[in-house]
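> Residue numbers (this note's numbering), protein chains in the order written: chain A, 1 to 230; chain B, 1001 to 1191.
Calculated from the structure, these hints are not laboratory results. Computed from a prediction, not measured in an experiment: that's the story for all the values here. Hints may be right or wrong, so weigh each one.
[Unchecked claim] Each pair of labels, with its calculated beta carbon distance range:
1) B:Ala1075 <-> A:Ala229: 35 to 45 Å
2) A:Ala47 <-> B:Asp1163: 20 to 30 Å
3) A:Glu42 <-> B:Arg1141: 17 to 27 Å
4) B:Thr1182 <-> A:Glu42: 12 to 22 Å
5) B:His1039 <-> A:Arg14: 15 to 25 Å
6) A:Pro220 <-> B:Arg1156: 28 to 38 Å
7) A:His27 <-> B:Asp1035: 35 to 45 Å
8) A:Pro224 <-> B:Arg1178: 46 to 56 Å
9) A:Ser143 <-> B:Arg1178: 49 to 59 Å
10) A:Gly17 <-> B:Asp1035: 24 to 34 Å
11) B:Arg1178 <-> A:Gly184: 56 to 66 Å
12) B:Arg1141 <-> A:Gly184: 43 to 53 Å
We put the CB at the ideal spot given by N, CA and C, even for glycine.
Below, each chain spelled out in residue letters.
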Amino acid sequence: MHLDEEQVERLLHRELGRSAEASAREHLAVCPGCRGRVVQAEQEEEAVYALLRHVDHPAPGIDARAVVARGTHAVGSMRWAAGIVLALGVAAAAFAAPGSPLPAWAKAVAGWIGGGPGVRAPERGAAGIAVVPGRNLVIHFTSFQAAGQAKVTLTDDAEVLVRAPSGAATFTSDVDRLVIDNRGSSASFEIQIPRTATRVEIWVNRVRLFLKDGPRVTGPSVLPLTPPAP
Amino acid sequence: MSQIPPALGSYQREGTRALPESTPSFHDRFVSLFDAHFHRLYRYLDRLSGEPELAADLAQEAFVRLYRRGSLPDAPEAWLLSVAMNRFRNAQSTRSRRRRLLTVARSEGVLSDPPPSPEQALAAKDVRRQVRATLDRMPERERRMLLLRAEGYRYRDIAAALDLNEASVGVLLARAIRAFRTIYEDAGDAP
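Given these sequences and hints, build the entire structure.
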């Protein structure tokens, strides 16, 4: 049996399994036709690769240390950002706590500085996570909630962003899935999905409520996180 | 509504990421991966885009993200390709045609080893322009497939990057080679 085109290519690229490769080579030993096809495929490929080298530019002088330094710096920056968000969250909680003197103090200070009518309460720190969607990203809310919803919007960004403005959730992610542990939560969520994302699914417990498959979107833009009616 | 697959369950990292400093083995593996794959990722992106600065940025950014991730995914090469290609698509969508033309004009002036004679320099410039034009005219999937294989990516990574059935990668690669040759030869015949 002669080699088909897939086998010829796989033989060239060492992508046949060990026994399949042995069989193919046995056949080549007795079949000049297939041998000629393999040689021709190899020569054509090498000719094309030689042409491709004409458009190459010198490789940049970037080494692993530079990349590690950038990655480490980014992690350091994230720590600072996390610290600031935490501090803001604590301040906001103190500000909003019943009986807290902070609103009155702030109002007094604002009036003293600017003479304005009052001060807006700062927003609480929001929990969230951003991930690169890859080819297929599953966003999984682990539980139904007693209340709350997830609002989905499409963006021009490169990453999927999930935020819980009230901050009551734990996020876990891997290259193709993002898990939101929302047990006992009644938070609402915001989910931003890049228009360029190939495929993104949103599941709540064991139910898929949303699918973006290329340009086609199936599901509402506001997803109820409450259990479906029986 | 459909049922979630039961496989969903094991996850590798927390949203609050593990700090790379606490995992020296990850650091060593990362450096090995970088040394083995950075240049071929760069070269793939350079050939794909025709923009060496953009290619260097994208390749570096992909590795920075991998480092920040704090652990290696199951298929790190496919992961790096996926991140770089997402960034590339994003960059493509926001770039103006004017910039692209400027870059092409500039890249044509890049010569690593100047040929010994003006005739050879002219011939090399013509070949470079013709190859670039050929790549730009190829169907997107075939172009990416050809360039990935030219950098030695395995069939499974090519299939993952292009969302293909791995069993048919060989045939599709052969088609991509033929497409390149046909377009290149047609371009050479053109006045």
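> All hints, please: hold or fail.
Now the hints, each set against the structure:
The given range of 35 to 45 Å is respected by B:Ala1075 and A:Ala229, whose C-beta atoms sit roughly 41 Å from each other. Range check, A:Ala47 to B:Asp1163: Cβ separation about 29 Å, and the 20 to 30 Å hint holds. Checking the proposed 17 to 27 Å range against A:Glu42 and B:Arg1141 shows it holds: the Cβ atoms sit about 23 Å from each other. Checking the proposed 12 to 22 Å range against B:Thr1182 and A:Glu42 shows it holds: the Cβ atoms sit about 19 Å from each other.
In this structure the hint that B:His1039 and A:Arg14 lie 15 to 25 Å apart at CB holds, the actual value being about 21 Å. The given range of 28 to 38 Å is respected by A:Pro220 and B:Arg1156, whose C-beta atoms sit roughly 37 Å from each other. Checked against the given bound of 35 to 45 Å, the beta carbons of A:His27 and B:Asp1035, roughly 39 Å apart, stay inside it. Hint check: A:Pro224 to B:Arg1178, Cβ distance near 52 Å, so the stated range 46 to 56 Å holds.
As the Cβ distance of A:Ser143 to B:Arg1178 is approximately 53 Å, the hint placing it in 49 to 59 Å holds. In this structure the hint that A:Gly17 and B:Asp1035 lie 24 to 34 Å apart at CB holds, the actual value being about 29 Å. B:Arg1178 and A:Gly184 have their C-beta atoms about 59 Å apart, which keeps the hinted 56 to 66 Å range intact. Between B:Arg1141 and A:Gly184 the beta carbons are some 46 Å apart, a value that agrees with the proposed interval 43 to 53 Å.
Hint violations for this structure: none, all hints satisfied.
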